[in-house]
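**Q** Once you've looked at the hints, dock chain B against the given chain A.
Number of protein chains: 2
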Amino acid sequence: MDKLRLGIIGIGNIGSGHVGNIISGQCPEIEITAAADRRESRRAWIRERLPGIPVFNEGEELIASGKSDAVLICVPHYQHPPLAISAMRRGLHTMVEKPAGVYTQQVREMNKEADLHPELAFGLMYNQRTNCVYRKLKEMIDGGELGSLKRVSWLITDWYRTQIYYDSGMWRATWAGEGGGVLLNQCPHQLDLLQWLCGLPVRVRAFCHEGKWHDIEVEDDVTAYLEFGNGATGVFVTTTGDAPGTNRLEITGTLGKIVCENDRLVFSRLAADEREWCVSCPEGFKKPEWETFEVPTDGENPQHSGVLNAFADRILHGGPLIADGREGIRGLMLSNAMHLSSWLGRPVDLPFDEQLFKDMLTERCRHSRHKEDADITFDTAGTY
Amino acid sequence: MDKLRLGIIGIGNIGSGHVGNIISGQCPEIEITAAADRRESRRAWIRERLPGIPVFNEGEELIASGKSDAVLICVPHYQHPPLAISAMRRGLHTMVEKPAGVYTQQVREMNKEADLHPELAFGLMYNQRTNCVYRKLKEMIDGGELGSLKRVSWLITDWYRTQIYYDSGMWRATWAGEGGGVLLNQCPHQLDLLQWLCGLPVRVRAFCHEGKWHDIEVEDDVTAYLEFGNGATGVFVTTTGDAPGTNRLEITGTLGKIVCENDRLVFSRLAADEREWCVSCPEGFKKPEWETFEVPTDGENPQHSGVLNAFADRILHGGPLIADGREGIRGLMLSNAMHLSSWLGRPVDLPFDEQLFKDMLTERCRHSRHKEDADITFDTAGTY
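The listed protein sequences correspond, in order, to chains A and B.
My numbering puts the first residue of the first sequence at 1, with every later residue one more than the last.
My numbering puts the first residue of the second sequence at 1, with every later residue one more than the last.
Just chain A, with the same shape it has in the complex (with noise of 0.2 Å):
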């Protein structure tokens, strides 16, 4: 193979923009060979873009056809599993877009047949993952700067979305046809780096408001509280809602502080480990001495296009993925547990009942708001 022959299933928002980035030269390794959507007004987007390219109706047809090597599916949550289980029983490299699906156990499903094929490459575009920032983060984590985790704050209220975003589509933001709101849609990026970078928490009590700031039937504002198995806690704040906005992420281990804000990382580094300064210091007030200074990256960032690369390098020549397909069902966990405890009104511990989340998400399923379809695609450049 000289080029990696991809399908793109779902040419909506974010599907265009992956079009956009490989038509544009940014994945020298990748060739689309075939796309798939189910709305005539986005097949004629994409003929007008790629004259001469098979374009499906339906992204079944085009796991069917060989028209491709792998597939890059980019349609609604709830198809993401079914889809991907297609593709790799067809021998097809599957990249799955955020969020692996909607409820673990048919992410469950689509894992146990990844499985299966260890000779595919599987991937998630968890593209945050490429962002210099969080990679930096990981490596010193990792490498025990931080000592252990105690405490982790992340506001990320900094998704805006107008009333016009959720009329644009019928399958947006409702329980039938999203499975739910700024949880699935906008943070499965922060709900992955914060499992990459701090494990996954152990309980979970969230917060969830339904509609509070747009007319639509699912969360738009959530407050968590977090606890880890060794002690530490979190809170994680996020939100359509406000404008301007913050994304601001700080972690407390036992040797400083590190805030990682407006794409710079800023490392509160203390000279002495705190759960043995405090024991053994004399004074009463006193802390550990400590430098603050901002931590440097390799400045790269290259988001989808970086993901993709490392799909095709994968396929091609053995490389590593950025984000494994199995990985995606933690972040989802982490969401279905904060849907889960705010419909119950109590925390809920990790692992969680997943056929109970499950019934209680078909229960709000089946009284899921008609929605008409306003068949608006947005250029979400820079969005994510």
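If chains are identical, the list can't say which one is meant, so a pair holds when it fits in one copy or spans any two.
Below are the DSSO-like pairs computed for lysine-lysine, each with C-alpha atoms no more than 30 Å apart in a straight line:
1. Lys286 to Lys212
2. Lys138 to Lys112
3. Lys212 to Lys138
4. Lys3 to Lys112
Keep in mind the hints are simulated off the structure, nothing from the lab.
**A** Quick look at chain B alone, frame taken from chain A:
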């Protein structure tokens, strides 16, 4: 009266600080004319600094002595309301250190007594209300510059204390002696400022961790989720276990976001009301325009001396207090509600069941640990 004749009851960490401020000339209208402490070591300390003034063992003796026209009450929290009530009954102007008391029922008694003596000045030592950044913030919020409250987040984790701090006094960090931990001792300032700036929440869900970072029986780590009457939400995170810690208050309204950190106020002011923008903007991802700038203040932060000078001014010249004593109950309601929520493991609505709180506190006092008195007094300059 030329000068206010002040009696100081309690010459521990904070009382000694007040004495130092006054004798160094920071309170030109105040003269210390009496002092009281139960510890001989502290009585010796004050005799050395103010030879000739009457020094009592008990606050009640000072109050009955007629040696002062006002008292400053700096004893362990439980004794604040009974001493204040005695002082007011004797016709003494009364300034009470924070917190107003340990449980709201006793503070209601104190406030009831104050209502019987409108001629007396009754103030609370909320010295952080004198800080120019909080005064400016209050002015901006009250002036409508932020619009309606949407979200507040206060990370106040820079109240670091070592183990020896807790070992320094037998009343410290015990249910029977202090009635709580970081919420009762360090955070009354922020709890007061929070209610002063944003109003009291109507519902609280808190997670208080007792003895998490220190060998103490009360909480030294708290995460609380707040709901306000208009639907706004908040988080309040505090601890005495983090170093270097953070003090970052962020308030978002419909007209923008303001962040108070490192003694700076940074305002991101929207060009349009977000609530109107959300439903009228024809684009899906677009925020209203905004400008971010540092808000100038008058730079003044007279702290404890400022509170005492206003108290003297009130008595001598009829000026305004920094904080009326009756307002002390509001921060305490918040603190009590957080404790109660954590003890019950569920959200607590305000006003809460004050008898239930008292009963649950009393039960904890019954099993409170006995501590040896190390009789250590710290220099607290710069720690509040």
